[in-house]
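Asker: The primary structure of each chain is shown beneath.
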Amino acid sequence: MLARIGVRGGLRLDAHKERSTAAPIAVAPAPRVAVLPLDQHAGEAAIPIVSTGDTVAVGQPIARPGAELSAWLHAPISGRVVAIEPRPAAHRAGEASMSVVIANDGRETRYVPERSLSDYANITPLELREWIERGGIVGLGGAAFPTAVKLARATDRSALSLLLNGAECEPFISCDEMLMRERADDIVYGARVLLHALEADECVIALEDSSPQAADALRAALARADDARIRLVTVPTLYPVGGERQLITAVFGREVPSDGWPLDIGIVSQNVATAAAVARWIRDGEPLISRIVTVTGDGVARPRNLEARVGTPIAELIAACDGYTPRVERLLMGGTMMGIALPSDELAVVKATNCIVAASALDLQQRAPEMPCIRCGNCSEVCPAFLLPQQIHASARANDLAGLERYGLMDCIECGCCDYVCPSQIPLVERFRTAKPQLAAHLQARASARASRLRYENRRERLARLEAERRARLEEKRRLARQKV
Amino acid sequence: MRFPTSAPPHVVAPNTVGRIMRLVIYALLPTMALHVVFFGPGLIVQSVLAIATALAAEALALRLRGRPLRLYLTDGTAVVTALLLALCLPPLAPWWLVVSGTAFAILLAKHAFGGLGMNIFNPAMVGYAVLLVSFPAQLLTWLPPDVAGLRSVELSFSQTLTTILTGQLPDALRWDAVTSPTPLDALRTSLAMGMTMQEARASPIFGTFGGRGWEWINLATLAGGIALLLLRVIRWHIPVAMLASLAACASVMYALDPGTYAGPMFHLTSGASLLGAFFIATDPVSAATSDRGRLIYASGIGVLTYVIRTWGGYPDGVAFAVLLMNLAVPLIDRYTIPRIYGHPRRP
Amino acid sequence: MTDLVGFIVIMALAGLAFVMQRAAARVGSEAARSVLIDRIDSLLPQTQCRRCTFEGCRPYATAIAEGRADINQCPPGGDETAAALARLLGRPAKKVDHRFGVMPDVPMVAMIDELACIGCTKCIQACPVDAIVGASRHMHTVIAAACTGCELCIPPCPVDCIAMRPASESVTEVIRLAPLPAAHMV
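Heads up: the sequence lines are chains P, B and Z, in that order.
Under my numbering, residues 1 to 485 are what the first sequence spells out, in order.
Under my numbering, residues 1 to 347 are what the second sequence spells out, in order.
Under my numbering, residues 1 to 186 are what the third sequence spells out, in order.
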């Protein structure tokens, strides 16, 4: 089935997938030392429940959610907690982040969860959601949004659709494609668990039309599962169709409100890898302690997909792919469009690490010198948020906050399409990222001023009313007194 | 192992302002070639003079403004301005005309406003408009095209060069022997003298659609324009809207009174209609910037071109129409901001 | 023909001017004044702190509109607000007059020392934006998110248990969490 094409903008980019999809997924060796940042998910950092010197087993919870929007963290290896201290973190581009550090004892002792839930269909959705939370599962597409929170927010909703995102968000990344090819059954199992947890009755698995093998594997898995609620939709391969909002529009032909969530239009979206992680937790009792990471680029000898434990230093993944080539120049986490350039390969894989690109000069494109904007409009043609990046850029240059707001800077998803096509070679995304905090502060200040004005006016009205009532009561009493006399 | 970092995106398309301008120059070549075929080598001399002046003026302005010379001199924008202006001037116009017009375009219309990307008016059209209002006689003195029965005198390259540089025709030639009005000018004069459209169009300078020779030059411009569209250097909105609104105006008036008003085909193939639609109005810096804005902007150019040609004081109106709509661009841009993803509509 | 077109254009412009003039007259001076007060008020920071010597932001806005106050009397708004007011009213820009008060470098909010609070409700009565909750002889507390930092609650407190503290929850906190990709990738 073909999706309605509701997406405007976007780029046809070379996905560079064939390099990393030639070999099947391999299991990377467990790290000698695992570094686990406590804030590797969206929201608040987790709070450690182990202390230095403790012995932990594979899959043992080591940190609990620090707030409503937070997630559990589990030990990916067995061994001893050697430190709980700030360590440079990949998702912070090398900035330090409080982390639990575990030294591997090589025994692979398994932690046995309190309960196993393989017959998920016989428990209530509420119980199931709570159990999913215990698995430390977060969105594996890159944003690392705690899955349980997404599910909890969707309670008491009718007519929900579950969308499983199998569209790779960026060039070079192929971990979702390989997962769909090799572990389609996990995805379908996870989809059924999520459907039950959400009490939803429709699930769409969306993938790009450039991955026919993945589509075939999923079709076969769906035939085995024989679940009429789940269907497959292919969308055109057009960056950034893997973005949540863009994919929803491509699949359902509807837009997510700018200030809202997919849930506001009755959609819960999860990455296919997240669904597979849910399956492994519910079916096999294995929490989120490993994930598939694409290791690719011209700078690595044998590009491939690896199943890596969370906390594995990137250098060990590179070693598992036979090391660097002499051409390596830069190390990216994520794809070439939105990926973070990492300062060092000693940083560890986090739950959100979908891809490591060891890039050579061939993979990167040298920027020509920046020229002034000529308003050619190439950027607005490709913008998937329908913005006018040329006007935002002009407003940012002029420090014009009203202009930034009018042209919708806050709706920019930083996909980099405008930057890619700009003939003046302006680093637009960088400029927009710099301007966003200023605009956010301005909007915040204005919103609180409005609230203050409202409260002030309400108070004045209330005081005036009370005063009028007091006078009225006084008048009434005087009248009564006069009558008595 | 440690690595240098950089901000995403880590890849960009190998597209530059210089490449866009080079493609525009290439797309102008067919027009220029046919221009030379029909009007002699004058355009070559004018182009060389214009380019030399433009680069010199650009270098001077960049030096005064303290900008990097090499980067901006090689971006090709000054050359495009120079070529567009040269194409608008009569092939035998004296050298000081093209030199002063180009210098004015680059120094005042472009750099006085802040240089590349900041000029609110199309520099070439500013240069042309200044020359047209200052020296109308010289600007409207065209040559007859080199087609059977129209050209009586043939000037060699060196004679052309001498004429342009000295302002004097070679021995024993008089100006009225070598000049001829442009088709638009001729039609206008004839109608002003009280001729009907039929009588006016009977003159040998007119072909099936527009002026003889001019038809072919315009066809080459159309081809160059389509090439730019296919190469995605320009987008369809401006040329289509401008030509459509020009044709619409012409059709309405032609339907009302075919004896007084020229038809749409004549307007589309005469003067600078096609050059304007594909090469002049599409200058992105001075045009509106959203799709809808560009449709409005270019429709305005089409209507104004028709109005100026038909009722205004000059035979062609593209230059003034473009400048007038340049003036309206900030307003158009303000009211044509597209709806953003996830927003109901523009408030 | 040229004359006819010119005539039509000029008549159309004259008609337009006439219509606009009528519309402006109908709006009238009273409504125009209220619009002006609204626009001035929207530029003020809504701290309601009375540093300007008026009873709140809107009274100050009214005073500016009526020419009873200058545009440089709002320390919380700072030079930026003074400049914005100058632009709106077409007057020369002015720096804020520091006789009306000096603002701390970072935004501050009031904080009640809850152990010392005797529950007198005097601060609740003083708060112009209802940002303090509590009841008579019960502990009071400041809703930090609603506090504008006006400092009006400080003088009435009989036990001096209110102090100004830097607003800890603020947008900067949100921005610190921003380096994750902003696109909503799942």
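To be clear, the hints were calculated from the coordinates, so they are not data collected in a lab.
Treat the hints with caution; some may be incorrect.
Just a few of them, taken from the derived set where beta-carbon distance is under 8 Å, the chain B residues facing chain P [to be verified]:
# : residue
1 : THR179
2 : PRO284
3 : VAL285
Think of the CB as a built atom: it goes at the ideal place given N, C-alpha and C, for glycine as much as any other residue.
Asker: Each of the hints needs a verdict: does it hold here or not?
Answerer: Hint check results:
no., hint, result
1, THR179, "38 Å, violated"
2, PRO284, "4 Å, holds"
3, VAL285, "5 Å, holds"
Of the hints listed earlier, the one the structure fails to meet is number 1.
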